[in-house]
Amino acid sequence: MISFEMPDEIRERVDLVRGVARELMRPAAREFDEREHEIPWDFVTRMWDLSLKTGQSFRSGTRRDGAGVAAQALVHVIETLSWGDAGIYLCGPGAGLGGAAIEATGTAEQKQRFLTRYREGPPKWACMAMTEPHCGSDTAAIRTTAVRDGESWVLNGEKIFVTTGHKALVDSEGLMVVWATIDPAAGRAGMKPFVVEAGTPGVRVTKLERKMGIRASDTASVVLENCRIPAANLLGSAEVSDPRKGFKGAMATFDATRPSVAASALGIARATVELLKELLALQGIEVRYDRPRHLLTAIERDLLDMETQLRAAWLLTLKAAWMMDKGLPNTLESSMCKVKAGDVVTRVTQKGVELMGPLGYSRELPFEKWMRDAKINDLFEGTGQINRLVIARRILGYSSRELK
Amino acid sequence: MFGFEPSDEQKTLVKSVRRFAARELRPLAHDSDERGELPGALLESAAPLALLPASLPEAYGGFGQRSAVTGALFAEELAWGDLSGALALLAPGLVALPVLLAGTEAQKHELLPAFCGEGYVPASAALLEPRADFDPRVLQARARRVSGGYVLEGTKCNVPFAAEAEWMLVYASVEGESRAFLVRRGTDGLHVGEREQNMGLRALPLYKVELRGCVVSSALCLGGEGGGVEAVLGASRVALAALAVGQARAAYDYALDYAKSRVAFGEAIAQRQAIAFMLAEMATEIEAARLLVWEAAWTLDQGADGTRECLLAKTFADEMVLAATDRAVQILGGHGYIRDHPVEMWLRNGRAFAVMEGIAIV
Ligand SMILES: Cc1cc2nc3c(=O)[nH]c(=O)nc-3n(C[C@H](O)[C@H](O)[C@H](O)COP(=O)(O)OP(=O)(O)OC[C@H]3O[C@@H](n4cnc5c(N)ncnc54)[C@H](O)[C@@H]3O)c2cc1C
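From first to last, the protein sequence lines stand for chains H and E.
Okay, so the first sequence: first residue is 32 according to the working numbering, each after it adds one.
Okay, so the second sequence: first residue is 731 according to the working numbering, each after it adds one.
So that you can see chain H by itself, here it is in the shape it has in the complex (with noise of 0.2 Å):
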């Protein structure tokens, strides 16, 4: 069936997160900028009470729910928070973007094991690491080591850019979730992900990033120096047979969390299309949507593309979700919804500071943050041109060394 209808278990989580995205986000967002890496408390203690009250995650989204919506509740539960403020959104505590690489690549012992704690306790965190100094969109090219020793796996190497790395390692009882090769001559099917909870030695954050924008949110990088794991924490199987085994599951991952990330560059993007049009009202500017576009303004031109482009890359993305709830594969969806969130979010917040003239530019008003914050949803999770190379290799059937 084609259908539209929003169900109403949708309905009823958006509305359980809206009054936060306003109270507790949106006064706080310029603060929580400015001060860079201060952890939001009182969103913090209120999305956790919220998951914790209604067993639902606000972060990762491969668990399925009863009604079989998990993903399209959970990115537009993301397009809300990150309508509030996408900095205070990163900071979000559960399991988040390592959740989901657990999801998609553990057992259901290690599910268990790892995940249970973020349904319990106090706040904790997940972070994934994968970046590396030297290499990012070649993830094949990792260095980090980890080498059998008895029951045990020793990690060795640098991570970078490592989302909430800080409150998943230090600030929390967490976990990261580490890609690694076991086989460096294997290439990507020699990688593997491995958990190493906080507190484990041999692990340390030694950085955090200053950035354009969602400074509320921390980016680490972490040193593994002969950091010592349990071999049942090597996420899966530990087997280099199939030459895109261990590549699969940091696919699957993304196909998960690509979704995610598109939904909250799109809350940024109504942000700035909503407050625009409500400042320009005022100065006398609306769309006249009953007349035809030739004869329109520039700035109607502007606000009316805005709202479509909004609109179309929203619709890709509820797809994508949608896809995964049903099972399908949705690589290509994802990708798709990711790119074009990421073109539209980057296009409608810098023409909204544009619009706006020296206010959209000037700290007084969100516009230019909102642009500084945006910009991040078109390089993390795989640029821009690496989600092409996704959907491309899809659409023409070629492998990656057909085209590079």
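Misleading hints may appear alongside valid ones.
[What the hints assert, rightly or not] Capping the alpha-carbon separation at 16 Å, the derived lysine to aspartate or glutamate pairs in EDC-like fashion look like this: (1) H:Lys435 / E:Glu926; (2) E:Lys990 / H:Glu433; (3) H:Lys357 / E:Glu735; (4) H:Lys279 / H:Glu256; (5) H:Lys84 / H:Glu43; (6) H:Lys242 / H:Glu65; (7) H:Lys308 / H:Asp336; (8) E:Lys938 / E:Glu955; (9) E:Lys938 / E:Glu960.
Just so you know, these hints were derived from the structure itself, not from any lab.
Guided by the hints, dock chain E with the ligand onto chain H, whose structure is given.
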């Protein structure tokens, strides 16, 4: 629940229209465009698809129910085959669907059964006017009230099948408000002018139409005294946006196949990112446009006011189809500019969407 999958019934329909488009429309599109004429047997050959009867309720001679979503799926497939042919096949709907959507009971009983037979019933709509500031809500064609009816005055352009149409839905302003009138062939004061010579849509017979003292009775004002055209304009936007998706998909499919087989510098051009990324973007934009069309059509099917959704769908699709068809030409390079390949025709056709309104309805 949200849903992004056509029903089984819709899938079956899409399959048969797709087959029809591939067999009957696509192979003849090039020659029809060159000759400026639709393929002779085309209009009759589509009868088995039962375009309109399936949209009209039994009370008016049909056997189904209108669904804008189904109509949009249908239109996309036809346009994939050929846009001129698609518009020709949908033309009877230019009268039948507005009557169904906005007509009075009497108008429905009088007009609709004729569209439920076996044959193709030529029908038409005259909305567009030859001026740069055309606005369907501020028409220059006027309908003056006289006793028992209206007198129509004005100039219309791009009126399909104007010469053959049994009925033509003529849009004109009544005291500043857009209304529509059912004008029968041969009515005094309805003058069919020259055939239009356009950049694209060359196979589709489009005409100028002059209205000079054309008298129509009140009973033929669509929807009677209080009748409006908003619902019709919305349905027309969805239809055009759906056709744009089909046109763009044709260009995308063709360019993708070409890019995989054309070799330059030792490998297929599709193996270069400059080409592959264009294709990736085309695929993404086409999918986005399709979802906007579905949402708009679904909103109409709920009986809700879909003005905004229809506007967004058309706004997006107009731009998208131009970009997609342009890129298809670009991907074929110089060969794309040569009329032996269809992509240049699709680019010429694609530009029509930004300037057309009201020439298709689903
Ligand atoms: C704030 C922030 C948070 C992050 N969070 C995390 C996290 O939690 N976990 C994690 O593991 N990583 C994280 N990252 C890292 C992020 O995913 C990478 O920065 C990103 O994947 C790009 O890698 P790179 O920066 O090394 O750029 P590079 O890979 O060096 O790319 C540079 C440029 O080249 C382009 N390029 C590269 N390869 C190709 C190709 N084959 N074809 C075409 N173009 C290409 C890229 O698109 C880009 O434009 C984060 C980054 C930031 C900034």
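Hint-by-hint comparison with the structure:
Taken as a hint, the lysine 435 of chain H and glutamate 926 of chain E pair is broken in the structure, with Cα atoms around 48 Å apart against an allowance of 16 Å. Distance hint between lysine 990 of chain E and glutamate 433 of chain H is fulfilled; the C-alpha atoms sit about 11 Å from each other, no more than 16 Å. A distance of roughly 11 Å separates the Cα atoms of lysine 357 of chain H and glutamate 735 of chain E; the hinted pair therefore holds under the 16 Å criterion. Taking the CA atoms of lysine 279 of chain H and glutamate 256 of chain H, the gap is about 27 Å. The hint is violated against a cut of 16 Å.
Straight-line distance between C-alpha atoms of lysine 84 of chain H and glutamate 43 of chain H comes to about 14 Å, which keeps the hinted pair within the 16 Å bound. Proximity of lysine 242 of chain H to glutamate 65 of chain H is assessed by CA-CA distance (about 11 Å); at most 16 Å being required, the pair is judged to hold. With a CA separation close to 13 Å, the supplied pair lysine 308 of chain H and aspartate 336 of chain H stays within the 16 Å bound. A distance of roughly 28 Å separates the Cα atoms of lysine 938 of chain E and glutamate 955 of chain E; the hinted pair therefore is violated under the 16 Å criterion.
Between lysine 938 of chain E and glutamate 960 of chain E the alpha-carbon distance is near 24 Å, which puts this suggested pair outside the 16 Å criterion.
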